[in-house]
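Quick note, the sequences are listed as chains A and B, same order. Here the first sequence is numbered in our numbering, starting from 1 and rising by one per residue. Here the second sequence is numbered in our numbering, starting from 1 and rising by one per residue.
Hints may be right or wrong, so weigh each one.
What the hints assert, rightly or not - For lysine-lysine, the following DSS-like pairs were computed, each having C-alpha atoms within a straight-line distance of at most 27 Å: (1) K145(A) / K101(B); (2) K16(B) / K68(A); (3) K68(A) / K225(A); (4) K27(A) / K101(B); (5) K101(B) / K68(A); (6) K27(A) / K68(A).
By construction, these hints were calculated from the structure, which means they are not laboratory data. This one's a predicted model, so the numbers in the text were calculated from it and none came from an experiment.
So the chains spell out like this:
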Amino acid sequence: MSRGTASDGDRAVTAVEVSELVKRYPKSTVNAVDGITFAVAPREVFGLLGPNGAGKTTTVGMLTTRVKPTGGRAMVGGVDVGADPVRARSMLAVVPQRSNLDRSLSIRRNLTFHAAYHGVSAAEAAARADELLEQFGLRERGDVKPDLFSGGQSQRVMIARALMHEPQVLFLDEPTTGLDPAARLFVWDRLRELRERGVTLILTTHDMHEAALLADRVGIMDHGKLLALDTPDALMRGLPGSSTLELSVHAGDNGHSPESVIDAFETLPGVERVEPLPSEDGQDPEDPHWRVRLYVSGEASQLIAPTATLLADRDLSLSGVELAEPTLEDVFIHLTGRTLR
Amino acid sequence: MTAAAVPAGVSAPVVKQRRAFTAVLRRDLLVTWSELPVFLAQVILQPLFLLFVFGKVLGSLGYTQHGYSDLLFPGLLALTAVITGMQTLAFPLVIEFGWTKEIEDRLLAPMSTALVAAEKVLFATLRALTATAVMIPVGILVLGSIPWRWSGVPLMVLAMVLGSLLGAGLGLVLGTLVVPQRINIVFSLVFTPLLFTGCSQYPWPSLSRLRWFQIVTACNPMTYVSELMRAALVPDVPHITPWVCIVVLVCSLTVLMAIGVRGFYRRAID
Chain A
1 MSRGTASDGD RAVTAVEVSE LVKRYPKSTV NAVDGITFAV APREVFGLLG PNGAGKTTTV
61 GMLTTRVKPT GGRAMVGGVD VGADPVRARS MLAVVPQRSN LDRSLSIRRN LTFHAAYHGV
121 SAAEAAARAD ELLEQFGLRE RGDVKPDLFS GGQSQRVMIA RALMHEPQVL FLDEPTTGLD
181 PAARLFVWDR LRELRERGVT LILTTHDMHE AALLADRVGI MDHGKLLALD TPDALMRGLP
241 GSSTLELSVH AGDNGHSPES VIDAFETLPG VERVEPLPSE DGQDPEDPHW RVRLYVSGEA
301 SQLIAPTATL LADRDLSLSG VELAEPTLED VFIHLTGRTL R
Chain B
1 MTAAAVPAGV SAPVVKQRRA FTAVLRRDLL VTWSELPVFL AQVILQPLFL LFVFGKVLGS
61 LGYTQHGYSD LLFPGLLALT AVITGMQTLA FPLVIEFGWT KEIEDRLLAP MSTALVAAEK
121 VLFATLRALT ATAVMIPVGI LVLGSIPWRW SGVPLMVLAM VLGSLLGAGL GLVLGTLVVP
181 QRINIVFSLV FTPLLFTGCS QYPWPSLSRL RWFQIVTACN PMTYVSELMR AALVPDVPHI
241 TPWVCIVVLV CSLTVLMAIG VRGFYRRAID
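Chain A with its partners taken away, still in its complex shape (with noise of 0.2 Å):
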């Protein structure tokens, strides 16, 4: 009793555990994951962000049983993978980047199919397959043999046959990418519904669009290594003066120079430095703007408040106010110098 709470203790804390992974392929003079280490909790949605060849893929490889790790652990599910991976399997499922559905099956057969490999009793499997088939819209589809599904039906149906034995933690490499926007969209609905379900989601990808979208955490890897390792607003906050505010300003009469209101925006605190912009062109003679970017350090939304407040004490006002954040491809160049693709 109590070793099965403390196993069950164990699994709360964390669904993947990798400590100094290590992966060097045979003939190659470079690891292809060079010691990596991280955890992710339960019902955590973790992302993996990097160019082809960073390798993402030979890490997903080695936490789902299919590569062989040089060196360090990797646990999922409590299950060490290394030693155990026959139990670790029962653990994880994989959804690959290219389809590997059985052909000679049809869609409901290579649910049920799954469910028993994984000693899923018959009726439970055909009743999850209902389920399934109906939250992915393919319930029409069942009998199909999968030959002439595209890439987003494809991708649905392998993700359908992933949940068949209930896993606790799910792995897809590169789930959209190819996809048309239609479905990429249905994907991103039934990923963030199966993080609501309680599924830990472990995904690879080189759309940092997509990882700050659905990833709790986002892990960044290049060359083999973890160069970063946080919530994507936390990654981008760290960058130093990259998120921007620009405003406009009625330049009135009053006789306040935008030198000295620029002067005293400097003076606010997060401001690191201020610059004037030229005026839009066409402007009405009548109604004079001048315009200032602001650069911040944390989030540039904070400063619109102090900002029209000191322009009020001045009788000034503020007629338009533009955000610009950064993304974590600015993440990206900033760790590597390079950009992602």
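Got chain A sorted already, so can you dock chain B onto it with the hints?
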């Protein structure tokens, strides 16, 4: 759940692995069943034509001696067992590993990778046994009568099983070695020599007049299946002693399975 899980911890995976194994086998059998006419055409056509042309046509035209069909029939049973076992395993395996990746779902089932390979071997063996058994009524149909001794049936069944396993072993080795781009060339390079040096169309001792070819055929493990089959069904025709055949076949199987399972692991796990 918690208290029972601890002592069950040792045996639970065994139960799980057995369930996974039978589910994968059930999948393969279901697919074969749903494609039964294709399966039968695939396995029967070649031996059927060999039997018809060499056993019936040439005999009727007087080009072969009376009784040649009796000698040919056991050889064709051996051929069917080996070739069907090999084809059932090798072709799909090359495609699944190299192209469709269908095998991944089974490799990620809670069973050891060796068991996934074992299921492939068992399934190929079952298909080969079925095909060989079907050849018996086909032989009666084509030839009118076939050489048959009830006392030889146990040895015949043993030859069928060893032949089917041998085919599966060859298939496992080929299927894990060959990449899809080379499947055609490798199969024609392996298949045709295997087909014609396996003593299915002639008894091995009679080759003493063609010494070099006798040595070549002695290197083809299929020869021993053909010879074992003749020992079972036409013992009057000179043949290699059954125990020699059995020893050679068991040794060949051991080597092929060891290489094949290694190859399977290499393809399954990076």
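Legend entry - Which numbered hints fail: The structure conflicts with no hint, since it agrees with every one listed earlier.
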